[in-house]
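**Q** Quick mapping for you: the protein sequence lines, in order, are chains A and B. So in our numbering, spot 251 of the first sequence is number 251, and the numbers just go up one at a time. Every position in the second sequence, counted from 1, becomes a number in our numbering once 1000 is added.
Quick caveat, the hints were computed from the structure, so don't treat them as lab data. Each hint can be trusted.
Some residues of chain A that are not near chain B, with every Cβ distance over 10 Å (derived):
hint : residue
1    : E467
2    : N479
3    : E603
Only pairs whose alpha carbons sit at most 30 Å apart, straight line, appear in this in silico DSBU-like list of lysine-lysine:
hint : chain 1 : residue 1 : chain 2 : residue 2
4    : B       : K1086     : A       : K686
5    : B       : K1039     : B       : K1017
6    : B       : K1046     : A       : K645
7    : A       : K724      : B       : K1064
8    : B       : K1046     : A       : K642
9    : B       : K1017     : A       : K642
10   : A       : K746      : B       : K1017
11   : A       : K645      : B       : K1086
12   : A       : K398      : A       : K453
Virtual Cβ for every residue (Gly too), placed ideally from N, Cα, C.
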Amino acid sequence: MERKRRRGVSTLTVRVLATVFVTILALQAGSTFVVYSLIERDLKSKRAADMDAILSSVVYTLSSPTLGGSMDVDDFPHLNPNASQLEGQMRVCKQAYDEVFPKYADKVGEMGDSSPLMDTYLQEFETSRLAHQGMGMTQYGDVRVLMENLLDTIATPSSSAYIYTGFFDAATNNFVVAAGAYDSRYIQSPAENAVAQNVTSSGYFFPWAQYSKVAHQASPEGDGFIGYEYVHPTKGALSVSGRRFYFSNDGTGEKDVTKPYWVFLETDMSYFTDQTARFSLTFLYTSLGTLAVLFIALALLIYFPFVRRINRLSGTAEQAVDALGQGQPSKHFALNEAKHPDEIHRLNNDIAYFEGELLSYMKEREATIQQEEKNRAEMAFSAQIQHASLPDKPIHDKAISIAPRIQLAKEVGGDLYDYFYIDDHRFLFLIGDVSGKGVPAALFMMQAIAKIKATLSSGKDFHLGQEINAINNELSAHNPMSLFVTAFIGVVDTEKGTLSYVNCGHEEAFFRHNGVYTMLQGPSNLPLGVIEGFEFQMETIKLAPQDSIYLYTDGVSEAENVEGEFFGKQRIGDLLNALPHVPSLFLVDDMMESVIAFQKGKEQSDDICMLSFTYRPLDQIVFDNDMPNLDKAQEFVSETLKELKGSETLTVVSLALDEILTNVISYAYGQEKGLVFLGIRHDKKKKEIQGLVVDRGVAFNPLLQEPNQDIANIPGGLGILIAKNVLTELEYFREEDYNILLFTKKVA
Amino acid sequence: MEINKNLEDGKLFVALKGRLDTITSQELLANLTEVDQAKELEFDFKDLEYISSAGLRAILAYQKKLGGKDKVVIRNMNPVVENVFKVTGFATLVTIA
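Here chain A stands alone, though its shape is the one from the complex (with noise of 0.2 Å):
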């Protein structure tokens, strides 16, 4: 199984880092941001705490009668210590505006900071006033030197304040500036400059109206305090505390409460904003920097407890895992004795017993497959032995044919068979099948033809019966397993033309004579090995030349195909009575190939073993269809009936099949490549020649072929009228997919 290997960043680290970034960025927003907030409630509420109380001592110090409270008199050497002074000069702009304002009362809207209009006001203003101030009277200068030298003790750390004095005009809301000041450190512009101007001068006005108040305190009665942050159209955001005061009237202590005057000190609100920008900033920086220190040590905290660990087990599994792929599996993981383990050790600790349990199983696991292997290794060389021991040539001869054909099922079977002369005139085959499968069953089977073959091959004259019953009873005897052979032992009499044989309990041959196989029926006896002392009854029949003998197993009958049928000794005999001149040869190889096809799909769980054995056959020739081998064809004949050397029998035989040949080589096979049998028998009886061409091609009949004159144009229609009238006989059969040409010649 591949497996991805990544190097690089911690994983784990980069995800709880990003994971705990994030959580702090929000909170460090969040923070902030209620931070800014309460900041700047704090120091909106401190602030307006401390102009309170500033304006309070302003007021207590412009109402006193002495100007005392908290002031020194020599701080101003100007000034007549009479509060009566300052009220005086209230009075006097009172006058100026009730008689100045009315005529401007209309044009309200257009007298801005620094219009003409209001500079034309406030020049009349101005000159109303000195009218009305009379002599004696503190100059106006000095009233505005006094809210000065206020302003100045004032600290006001902003960038701008202004402080001035004055009255509403109830009918307008206007409040009219009586005296006032500002703080000249802070002016930055001229246009500054003017605003600063217009607010300080006498008579000035702000029309309460216009401004867009932000908050507003309401005031309470008695001295009363009115907080605003209003925008100003030109200014800004500003602050701006009130407070109410009165004087007394003429010295006596008591104050007019029907006059009000106020005083107004004015800040604009970047002193907010700077405090609170600083103090945030701070409060960023310092919390990053915790945050950075909070996020090194978070890693650090992440990366050697943990990951630095499980990397380490990671990478010593990686080499575990490397030397089990070039096969040297071996022990990568030690026990972590130690004291407080902790998770990671438990894991270490856990995957090193795994470990050591997969490394002993494995260890085992090979045993036992070696052991498997040697089994399976010495089963398949028992499968080698016990079938090298079978023959497997074909015999061929003047006096006996035979062939067998055997597909092994996958396990060591229990199928046997063999052949051998016993003598010169005596010829032995037989077919077996031993019970069960497996290594006891070759065993066994091995055995019993050993047996056989040691009392039969001897070479003496013996009765196959009772030679069989001596076999038997040694294979009973030694025979703890109880195992047993079925089989059908036959020996042929090649001089007297007989066959006797014994079926111990195996399916029953099929015996063809005069071209028509049947079942071959008989005494039954038990299989061999079953028990001592029975008595197997033998028979004996007579054999024609070319009769034949087929022998099978039941891997044949009861081969099984897909729909589960079997294929039945019905199905056998049926086949090979299809088949009656096709030689043995082509009939194993044919029947072998019907077998095989009916079980296809299904895996063949017996040996399917077959043999066919003609008595006196056809001698034989196979060869391939390239016109070349029609010589060989030609000296095969030759030389089987090498006693008609010369003779007209055999010249028309030759010419005859010449022509035959010739025929079938260049047309049965179309393109394709095939074999050709010729089979030729000189039958001293009959006195004729029999021959046999035998060919898998294309079904075609050459002795439908209509002699006419145009014959000589008709590819091989001129030779088969040839062989036809020099023959004596010529037949042509067609048994399943061969093409059957039987012939004889008389000897002449």
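Given chain A, work out where chain B should sit, using these hints.
**A** Here is chain B on its own, set in the frame of chain A:
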């Protein structure tokens, strides 16, 4: 198969020795180029052991080329070969001498 041929005054004499079968017929057909200059053909089959249908066809081809039975004469056939000619009706296609 041995072929002995001799062209004389437009008559081609051919003596064959051996067998005239499928393969040797091809040889004959390839060999007898002189037949183009001959008006008559005379075969001597004294040493011809055997003739197959391929041989017969070759003879027939010459017969057709030269224009008829009297243009092809065959001498000294052995009984088997003669029988073949008779049986196949080829005896009527050539002049047997």
